[in-house]
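Peer 1: Given next are the chains, with one letter for each unit.
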Amino acid sequence: MKFGHLLGKIFFCFLLLETTYCSFHSKSIEIRDGWIAETPEGAEVTGAFFKIKNYSESDDEIVSIQSSVSNDIQLHEVFMNHDVMSMRRLPSLRLNKGELLELEPGKMHLMIMGLSEPLKSGAKIDMTFKFKVAKEKRVEFVVKKMEFQ
Amino acid sequence: MLKNIFALIFLYGFIVSNCKGNQPVLDKFPEIGGNFTLEDTAGNKFSLSDLKGKSVLLFFGYTNCPDACSFNLSRLSAVYKKLGSDSEKVKTLFVTVDPARDTKEKMGKYLSYFKFNPIGLIGTGKEIDKVADLYKIVHIKRETGKGTDYQVDHSTITFLIDANGVVRYLIKQDDPVNQVTAVIRNLLSEKL
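Going down the list, the sequences are from chains D and Y. Everything in the first sequence is counted per this note's numbering, starting at 1 for the first residue and increasing by one. Everything in the second sequence is counted per this note's numbering, starting at 1001 for the first residue and increasing by one.
Calculated from the structure, these hints are not laboratory results. All C-beta atoms, glycine included, are put in the ideal place defined by N, C-alpha and C. There could be a bad hint or two in this list.
[To be verified] Dumping the calculated DSS-like pairs for lysine-lysine here, alpha-carbon to alpha-carbon at most 25 Å:
#: 1; chain 1: D; residue 1: Lys145; chain 2: Y; residue 2: Lys1082
#: 2; chain 1: Y; residue 1: Lys1081; chain 2: D; residue 2: Lys145
#: 3; chain 1: Y; residue 1: Lys1109; chain 2: D; residue 2: Lys144
#: 4; chain 1: Y; residue 1: Lys1081; chain 2: D; residue 2: Lys144
#: 5; chain 1: D; residue 1: Lys120; chain 2: Y; residue 2: Lys1081
#: 6; chain 1: Y; residue 1: Lys1091; chain 2: D; residue 2: Lys107
#: 7; chain 1: Y; residue 1: Lys1082; chain 2: Y; residue 2: Lys1054
#: 8; chain 1: Y; residue 1: Lys1115; chain 2: D; residue 2: Lys145
[Unchecked claim] Only some residues are given here: those of chain Y computed to face chain D with a beta carbon under 8 Å:
#: 9; residue: Ser1049
#: 10; residue: Leu1051
#: 11; residue: Thr1063
#: 12; residue: Phe1071
#: 13; residue: Ser1074
#: 14; residue: Arg1075
#: 15; residue: Ala1078
#: 16; residue: Lys1106
#: 17; residue: Tyr1113
#: 18; residue: Lys1115
#: 19; residue: His1154
#: 20; residue: Ile1157
#: 21; residue: Gln1173
[As the list claims (entries may be wrong)] Restraint ranges, calculated between C-beta atoms of paired labels, are given here:
#: 22; chain 1: D; residue 1: Gly98; chain 2: Y; residue 2: Lys1130; range: 49 to 55 Å
#: 23; chain 1: Y; residue 1: Lys1130; chain 2: D; residue 2: Pro105; range: 51 to 57 Å
#: 24; chain 1: D; residue 1: Ser64; chain 2: Y; residue 2: Ser1085; range: 48 to 54 Å
#: 25; chain 1: D; residue 1: Arg138; chain 2: Y; residue 2: Lys1126; range: 44 to 50 Å
#: 26; chain 1: D; residue 1: Glu136; chain 2: Y; residue 2: Thr1103; range: 23 to 29 Å
#: 27; chain 1: D; residue 1: Gly98; chain 2: Y; residue 2: Asn1035; range: 54 to 60 Å
#: 28; chain 1: D; residue 1: Pro91; chain 2: Y; residue 2: Tyr1150; range: 14 to 20 Å
#: 29; chain 1: D; residue 1: Pro105; chain 2: Y; residue 2: Glu1039; range: 41 to 47 Å
#: 30; chain 1: Y; residue 1: Glu1190; chain 2: D; residue 2: Asn71; range: 50 to 56 Å
Working from the sequences, and respecting the hints, build out all of it.
Peer 2: Structure representation (C-alpha cells):
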C-alpha cells in the first residue's frame, strides 16, 4: 500500500511538472484583448490595441506584424506636446521578460495603413506577430467601435 | 516654425487658465478665434457666422489620422448622446489640416459615419493656414519615410464657441465626456 501511495505521489508530481512546463511554453508570449477601431468609410488607416505579456525567461521584441487586411502595419507611439499630438514610428517594440505592455488609444498602438475597405464592428481580423526570439504568433483581433461612457 | 512655437505657448497658457480648481469655467479668449469662410463637403461656401445663434464645437484634424481625430469624434458622439434634445443646439465643425488629401468626397464619407453630423470644411493650403492662425492651431506635416506618405502633427484642442462666434472654452483631448457635456450645458444655459 505504501509503495502504491509513493507511486501515486510520483505520478502526481510528474503531472504537475508537465502541466507547468506546457503552460509555460504555450504562454511564452501572451497577446490578449486585441481589438481594432471600426473605420468610417473613406478612412484608410485605423488603430489596433492589445495587451501583451512576456512570460518567457528572455527579453524579446516585436519586429513585425502582418494581416490579411493590410500589408503595412506599423508600431506607433503617440506624444502629446502640450496639446499637439505627434506620432513616431517605432522600428520594433521591446518586451522585457515578465513585462506587461498595454497598447491603447492615445498611447502606443498599431497603425494599420492602406485599408481598401471599411472595417466593421464584429469582424474578426487575423494578426500575425513576429518576434526576435519567440516563435511567431497568430491572434484574432475583433473590430469594435471606439466607445466612451 | 517660430510661429508654431508661439501658437503652442499661447494656447497652452490659455488651457492652464481655463480651469479654476477642477471645475471647467467659461471664459473669453479675445486673442483666439474669429469668423472664417471655407467650403463644406457639398461644395458650398460655409462661414462660422452661418451658425450665429448656435453653440459650435470647432476641431482641426484629417481623415488619415489614426488616433486623435477618431478618438475625439467618438468622444463627441458620446457627448451628443448625453446632451439629448439639447444636442440640436450644438453644431460641430471639422476643419481639415490635410487639404492635399482630404477631398470633399472623402471628408463627406468619413464624417457621415458620426451620427451627430459634423460639418467637414476644406480649403486651399493658404485658406486653411489662415484659419489655423486665427485659432493658434499648430499643424506640421511629417514624412513617414515610406514614399510620399506623411502624417500631420496637429493641435487637438476643440474650441467651444458661443452663439455670437466667441471662443468660450478650450476642450482638451483628455477631458472626459461628462466634463465636456457639463461645459456645453453651462454655455447653453447662459443664453437663457
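Peer 1: Report the numbers of all earlier hints that the structure fails to satisfy, in ascending order.
Peer 2: As far as the earlier hints go, 6, 9, 10, 18, 23, 26, 29 are violated by this structure, in ascending order.
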